[in-house]
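S.K.: So the protein sequences, as listed, match chains V and Z.
Just so you know, numbering that gives the first Met the number 0 puts 90 at position 91 of the first sequence, and the rest follows in order with no gaps.
Just so you know, numbering that gives the first Met the number 0 puts 88 at position 89 of the second sequence, and the rest follows in order with no gaps.
Calculated directly from the structure, the hints in this document are not laboratory data.
Misleading hints may appear alongside valid ones.
Copies of the same chain are indistinguishable here, so a pair counts whether it falls within one copy or spans any two.
Below are the EDC-like pairs computed for lysine to aspartate or glutamate, each with C-alpha atoms no more than 20 Å apart in a straight line [unchecked claim]:
| # | residue 1 | residue 2 |
| --- | --- | --- |
| 1 | LYS4 | GLU17 |
| 2 | LYS2 | GLU114 |
| 3 | LYS35 | GLU17 |
| 4 | LYS2 | GLU30 |
Computed from a predicted structure; not experimentally measured.
2 protein chains.
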Amino acid sequence: MAKPKRIDHVAIIVRDIEQALCFYRDTLGIEPSEVKDVPSEQVRIAFLPLGGPAGSEIELIEPTAENASLNRFLEKRGEGLHHICLEVENIEAALTEMKDQGVPVLDEQPRIAAEGRAIFIHPKGANGVLLELLEKA
Amino acid sequence: MAKPKRIDHVAIIVRDIEQALCFYRDTLGIEPSEVKDVPSEQVRIAFLPLGGPAGSEIELIEPTAENASLNRFLEKRGEGLHHICLEVENIEAALTEMKDQGVPVLDEQPRIAAEGRAIFIHPKGANGVLLELLEKA
Numbered sequence: 000m001a002k003p004k005r006i007d008h009v010a011i012i013v014r015d016i017e018q019a020l021c022f023y024r025d026t027l028g029i030e031p032s033e034v035k036d037v038p039s040e041q042v043r044i045a046f047l048p049l050g051g052p053a054g055s056e057i058e059l060i061e062p063t064a065e066n067a068s069l070n071r072f073l074e075k076r077g078e079g080l081h082h083i084c085l086e087v088e089n090i091e092a093a094l095t096e097m098k099d100q101g102v103p104v105l106d107e108q109p110r111i112a113a114e115g116r117a118i119f120i121h122p123k124g125a126n127g128v129l130l131e132l133l134e135k136a
Numbered sequence: 000m001a002k003p004k005r006i007d008h009v010a011i012i013v014r015d016i017e018q019a020l021c022f023y024r025d026t027l028g029i030e031p032s033e034v035k036d037v038p039s040e041q042v043r044i045a046f047l048p049l050g051g052p053a054g055s056e057i058e059l060i061e062p063t064a065e066n067a068s069l070n071r072f073l074e075k076r077g078e079g080l081h082h083i084c085l086e087v088e089n090i091e092a093a094l095t096e097m098k099d100q101g102v103p104v105l106d107e108q109p110r111i112a113a114e115g116r117a118i119f120i121h122p123k124g125a126n127g128v129l130l131e132l133l134e135k136a
């Protein structure tokens, strides 16, 4: 079993990170550790850590004009919760186990994510939740 | 500012907790700390802790037949991510601050939740996310 160690982050898709930070940073008071462009994923991400080193992050994700799938998500569902990311020890072992168990995995090989190497599980295999499994870099 | 301390839990609405545990417990390998009925909220909840005492939980929530609002959610959107819960030090202070800042709050007074006292912020005030602020019991 993949036996995830912790929730690494919960991702929220937003139209405009600066506008979203008016609430999450200025009203709620969560200080971003970093706001950066991730060109490989065609997104801009604000990392909002909570709970210290053992804690989890909220990630605000703003798709760039070119990110077709996230823009479709925004058009269809609007802003909101997008996925949960769970940290695992070994992403290759997790991928093999998920495939062996017949879990619908969106990746044939681990992909390079902002925080390490990851695979995504289709919501139809996880009770409607898009689930990322991540081996941190 | 409310300055949340940590992510307490991420809630997933499911039709049948036992079916959902086939994936989250048996395939992924997250051991529930408890599965219990919460009659005051007309739900059954499986608590899936991750990351030890400083970590966060996934909560699988199955509405009972009587829980009208969650059943509407299931009919309209199907199973999936429902809300994020952030722990705060003082729920009364957080409620006052949210109201003062014009944040749309769903509660006039803190409500009794499974884990303590809580208020909910309407998704229109939090970029499409239903956000729970919780003072733990």
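S.K.: Checking each numbered hint in turn, tell me which of them this model violates, lowest number first.
M.R.: Per hint list: single violation, 1.
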